[in-house]
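Use these hints to put chains W, L, S and C onto chain X, whose structure you have.
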Amino acid sequence: RAQETNSKTTKSQLTEVRPNLSEPTQVSVGIYLVDFDKFDEQNESFKLDGYLFLTWKDQRLAFQANQNNLGSKTYKPGEIWLPDVHFANVELKREKAYTQIKVNPDGTVNYKERFKGTFKSEMDVRRFPFDRQKLKLVLESPLNDTEQVIFNVDKSKTGRSSEAFLTGWKIGEQNAVAEITKSEVENIEENQYIYEIDLFRDSDSYFWNIIVPLLLIIAVSFTVFWSRSFESNTVISFSSLLSAIAFNIVIAEELPKVAYLTFINGFILISYLVICLAIIQIVIKHYLNAEKKEDISMKMDRICRWLFPTSFGISNLILILIFLI
Amino acid sequence: RAQETNSKTTKSQLTEVRPNLSEPTQVSVGIYLVDFDKFDEQNESFKLDGYLFLTWKDQRLAFQANQNNLGSKTYKPGEIWLPDVHFANVELKREKAYTQIKVNPDGTVNYKERFKGTFKSEMDVRRFPFDRQKLKLVLESPLNDTEQVIFNVDKSKTGRSSEAFLTGWKIGEQNAVAEITKSEVENIEENQYIYEIDLFRDSDSYFWNIIVPLLLIIAVSFTVFWSRSFESNTVISFSSLLSAIAFNIVIAEELPKVAYLTFINGFILISYLVICLAIIQIVIKHYLNAEKKEDISMKMDRICRWLFPTSFGISNLILILIFLI
Amino acid sequence: RAQETNSKTTKSQLTEVRPNLSEPTQVSVGIYLVDFDKFDEQNESFKLDGYLFLTWKDQRLAFQANQNNLGSKTYKPGEIWLPDVHFANVELKREKAYTQIKVNPDGTVNYKERFKGTFKSEMDVRRFPFDRQKLKLVLESPLNDTEQVIFNVDKSKTGRSSEAFLTGWKIGEQNAVAEITKSEVENIEENQYIYEIDLFRDSDSYFWNIIVPLLLIIAVSFTVFWSRSFESNTVISFSSLLSAIAFNIVIAEELPKVAYLTFINGFILISYLVICLAIIQIVIKHYLNAEKKEDISMKMDRICRWLFPTSFGISNLILILIFLI
Amino acid sequence: RAQETNSKTTKSQLTEVRPNLSEPTQVSVGIYLVDFDKFDEQNESFKLDGYLFLTWKDQRLAFQANQNNLGSKTYKPGEIWLPDVHFANVELKREKAYTQIKVNPDGTVNYKERFKGTFKSEMDVRRFPFDRQKLKLVLESPLNDTEQVIFNVDKSKTGRSSEAFLTGWKIGEQNAVAEITKSEVENIEENQYIYEIDLFRDSDSYFWNIIVPLLLIIAVSFTVFWSRSFESNTVISFSSLLSAIAFNIVIAEELPKVAYLTFINGFILISYLVICLAIIQIVIKHYLNAEKKEDISMKMDRICRWLFPTSFGISNLILILIFLI
Amino acid sequence: RAQETNSKTTKSQLTEVRPNLSEPTQVSVGIYLVDFDKFDEQNESFKLDGYLFLTWKDQRLAFQANQNNLGSKTYKPGEIWLPDVHFANVELKREKAYTQIKVNPDGTVNYKERFKGTFKSEMDVRRFPFDRQKLKLVLESPLNDTEQVIFNVDKSKTGRSSEAFLTGWKIGEQNAVAEITKSEVENIEENQYIYEIDLFRDSDSYFWNIIVPLLLIIAVSFTVFWSRSFESNTVISFSSLLSAIAFNIVIAEELPKVAYLTFINGFILISYLVICLAIIQIVIKHYLNAEKKEDISMKMDRICRWLFPTSFGISNLILILIFLI
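Each protein sequence line maps, in turn, to chains X, W, L, S and C.
Under the working numbering, the first residue of the first sequence is numbered 59, with each subsequent residue one higher.
Under the working numbering, the first residue of the second sequence is numbered 59, with each subsequent residue one higher.
Under the working numbering, the first residue of the third sequence is numbered 59, with each subsequent residue one higher.
Under the working numbering, the first residue of the fourth sequence is numbered 59, with each subsequent residue one higher.
Under the working numbering, the first residue of the fifth sequence is numbered 59, with each subsequent residue one higher.
These aren't lab readings, by the way, just hints derived from the structure by calculation.
All values derive from a computational prediction rather than experimental measurement.
Backbone N, C-alpha and C define an ideal beta-carbon position, used for all residues, glycine too.
Some hints could be false.
Between beta-carbon pairs, the in silico distance windows are [as the list claims (entries may be wrong)]:
1. L:GLU311 <-> X:SER214: 51 to 57 Å
2. S:LYS240 <-> C:GLU231: 54 to 60 Å
3. L:LEU382 <-> X:ASP262: 52 to 58 Å
4. L:PRO163 <-> W:GLU247: 17 to 23 Å
5. W:VAL235 <-> X:PHE258: 44 to 50 Å
6. W:TYR156 <-> X:SER214: 48 to 54 Å
7. C:ASN210 <-> X:TYR156: 22 to 28 Å
Straight-line alpha carbon distances no greater than 30 Å define the calculated DSBU-like cross-link-like pairs of lysine-lysine that follow [said to hold, decoys possible]:
8. X:LYS240 <-> W:LYS357
9. X:LYS240 <-> W:LYS174
10. S:LYS131 <-> L:LYS240
11. W:LYS240 <-> X:LYS151
12. X:LYS154 <-> S:LYS154
13. W:LYS105 <-> X:LYS154
14. C:LYS105 <-> X:LYS151
15. C:LYS357 <-> S:LYS351
16. W:LYS228 <-> W:LYS174
17. W:LYS96 <-> L:LYS96
18. C:LYS105 <-> C:LYS194
19. L:LYS151 <-> W:LYS174
20. L:LYS96 <-> W:LYS228
21. C:LYS96 <-> S:LYS151
22. X:LYS105 <-> W:LYS315
One chain only, chain X, in its complex shape (with noise of 0.2 Å):
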């Protein structure tokens, strides 16, 4: 009976207490990115699907290797003890699809974890759809406490499938570093090891579907420039400005829902701007005309022709230095 209590004690320090208590145990940590399920800039956050590798030595469990173990021993969690890591910038908890744990012969701990959870990342999304951003899974170790686990880079499980996909994105290159750092909550320091990667986003369609469509209703906007007819100018221009309006409801569920100006709200700005400055130049052209002032309308109309578009042309340079440059 005492050698069962004894037992149990044994394998309650196996599971609860650290291996070599007089120095901090070091793991070699390893993120390993499955696939992204989503992305909203609103919320600022993704949900990432992906490995998390932990390798560490626990020289209690070292055993002899023989056939019927095959080099290495499994185990379930709860059985060992496991450093106690948590992402810092996950929603809630990351959900874990399943654990692997294997154990080699000179009591080195293979952790191997499939996860998937809901971080939160800042976004900038100024320069849409022109952006790029980088995402970031932070781990840490709730103890707080430096003294016991030490976070190392694991370079050679850190990575990203090659079939990882986000939709509408470009993904780039990630990078992994283990730092300590003083904590913001409470006056202690913090064990994190940080993965980024890199997205950028693919402008492609956001070119030929809106801003092509967008330029098209203000080149036939300034055909005004051309036409003589009030009557015919006043559809002219005002069914262009209809049209502006009406296609920024067609790609209003393009555009990013955030709360800040982006390069794309101020694109659409400045077509509204130069269809009303349109609008207001027929105006004026009718009232000279009325007025018997024809030849000065008529040189009005002739220098339209080029400033609307120049001046079109360089608000976008300016817009395109603010935002993008």
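For chains W, L, S and C alone, kept in the frame of chain X given last:
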């Protein structure tokens, strides 16, 4: 065996019985906001991610510090007595990502919890898009027994992360108070800790995306006062009306879906009204011309050229007075 | 060992057997509404957050009050017998945030539960936006055995929080009754506690956001009766029609998504009809003019100037009579 | 100890072994529909809330009735053997709100369960909005062994609540059959209980909200055959086309989102076509007038005045023949 | 007591140790598709409901058939060893509705499971609405150890229900292969069973609901080449442009929300372009007429009457060549 039973009782007492029953337990409460997840004006709720800190003294857990326990002992929920607190305004329950309990040698218990929940808080968006909101988290003890647990504000652990953001809002100051109030439901006194945080809506994008385009449409609709062609005037004013309505479709998604009038509703209504009045003006002008009273119609135009913009401006000033001041 | 078994039996009896089997247990029921979370006219359901109070007498739990137990003992669910109640019209099950059971020295059990659930309740929005709804919570005992549990209304604990709100509605009076009805499903009698609460829709915002703009559009479409230009009249009346339809797009989200006609549907249909009739009138005028019957067309205009507004008003009065009275 | 083991075995046999192994157990099945929660034409599924009644005889549970047990004994799931039934067309699993098992003195077991589930059922909305649907619940025994459980229809417990409603549908008759079919998946026979309920779409609101406004738009587009002004005619016919398209936006949400043509799609397509043909007619008229063939254009108008409405009517009759008969 | 321990060990061995450790276990895999639940082009995922069949031999479970066990014994998960398989491309985990394990007298284990899951599968909708997709289910063993479990295709149990449907798609042939591949993540070999099913989009409704109405709008916009009235021409061509845009709003919901160009995007873009070119043509015509070059403008009209339709046709042919062939 007797001893075993005894130890069991002791353990049960440790977890179920409050320390020092003769006087209420003083619990220092701290809430630290990590991030906002969602903000719903229609249901007047918000999702929040944060830390809850509770600190109290349990003399029974005091111990002799030595090299092994590193100055503090760690417990799991269920192993010791915990004050039973909950949020009064949370939807159902808060979700706990993880909890961490550390006891100092003097018996001070430090409870830390990462939580997430959807909280209900009265919101008034009548001033939209120039509104500010005061969000509340109300922590209560369900035992409703002020003799048992007294909340204190733990200022050092009340705060918010510098990385917390809520897209479309500037986050202001947080504030926390502990108070004893009379329950509305039952004839008992309740112990409350209230954490408040101010939010200021970022109105810039609403100004440029909603108000400026509508002002442009109003402006071009006023060109009818300089034109004498009835055919063109009908096109101008009706296209302006259609543009305003179509533009309203574009922005419908950005307006708060509340069932009361907001500042922006008033602004849109005035826009519709002013365009409709311009339509009536052009028909009267046309009618006068048909009746050979061109001089009156000319005079009318001259008056309207300043009357309409002025009236529009004054109406909006009144609107601002009613809604914003 | 025998004693142990005995004590076990007692405990099991305490939790599974109703007190005083010879007569039905009188259970006082109180429901206290904390807040509404959602209101869905399409599925005729609402989400509600509240307290459920049950009070009954269990002589077996009576005890001698002393200083230690503070006048009441606290139990957990599963430790004593509880009446097995559920909501008949809840979707699946109510969720319980927490429960609290206190027993007074005389054996009176006070059960308090914070619950949340989605409830189905017949709603009729035919009078939208001038409708009122009566929401129901029906509590039943699944044992369906009136001999066992009798519900009484506990007036002191039936109520609603002054902070309860449902955006877009004024909350009226609540009412509770307990009754015994015959089950529709099986040939048995059922014991029901019904909590009802009145809701009055806040129709102000619908009036200003939907009805006033439509009236403006109708008004400007009537200007065709003062204009003799066929070209302008086609523009006026068709733009009015388009504006009404476009405006219908703006408000589509605010209208209840039910598959029967509501007052507002009727109002919109009459608006379309009156504009289409105005279109037919202008073509008849044009045809008469082409046939050199200008005097008849002039007369027609003079008649329509009062006929159209009057007919529109009368149609709406009939609509009000049908739907609202 | 032997006895204990024996009792254990008995208990385990009671719960795991079917009564009277020598012949199949006759199970009377009744399904009672309480309410519909959701109806999804796109995924061809519906959510349903109801009671499942199972009745069979287990001689082993027969007992001597006396005053204490009130004529029936109550059991919990897991305490006795239950036929293992499930719905073949449910999404994943049904959810159980509560279950209730009563055994009569003769051993008759009455199993009652309140369940909810999302069921897949083939739907054909080609005749929309004049369609009817037959919804199916298919109950199977996963043991797939007709020798073990035989389903019978329990007519007295098959039905639906008079308060069941599905917004937008009239609920017709329900019907239940029990049959033995060959499994598609494996080479075995299956025992099925099929509950069917008829639904008839309430087409009134679709008639008034969709078809009547479209007919009004078609009607006003036909006024071009009475007008000789090309300018006005272009406005009339194109505004009609735009109105029809804009109206299509209004109603887009109400149409079923299926990927095949429905009656209403055909009706909208014919509407577009007839307006486009009218546009072509006015341009031909204009061209003839320019070529000084006014008499032909006049004749054309006179023919079109009855040709267009007639063709439109005939097209719709053909559509009705194809889709509805 | 020793025997008890022994039996326990045996049981644990039965559930945790693979039968016949000396050679890999041959597992026959069959997947039988019951139904699709959802199909998401944006996230490139689909929800699927099906049966998973696994068959292998476990000599330890062989038994003597007699009348009682009906030729097979039934086990529950946890009672015997099961190959640990999972889907590599499922979101998190598959959900299991129920599982059924039958062992034949010779030790052949028949595992049957009804499962549901959301699967990620690369989709290419560039050819929309004339695209086809190949959906994949990839089953793996998480032990990643080809020495342990070898997958074989069980043709007799690989298939799909004749009642499986996916609204908007024709379901083609399914196919299954078992293969050994090198893992991307770790330096190990993996055992995969891949089930593929072809889907062909039902493009009829897209043809009639999207392409035909757009062709009608293009057709009526070409009437400007037969009209010499500038005022009418501006109305015709701009209304066509507005109609095309408004129609785009109607169909926006039906188009796949992907961030790359599809065939239908190209078709819509060409439609906009051709209408805008027609607008430019009418302004040039008007300008020529104002410059008294009516003969050139007449000639231009005659050329455009066949040039525009031809160019439109050729552009679409090129589009078809790029996207569809």
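(request) Return the numbers of the hints above that this structure violates; sort them in rising order. (result) 2, 6, 8 and 11
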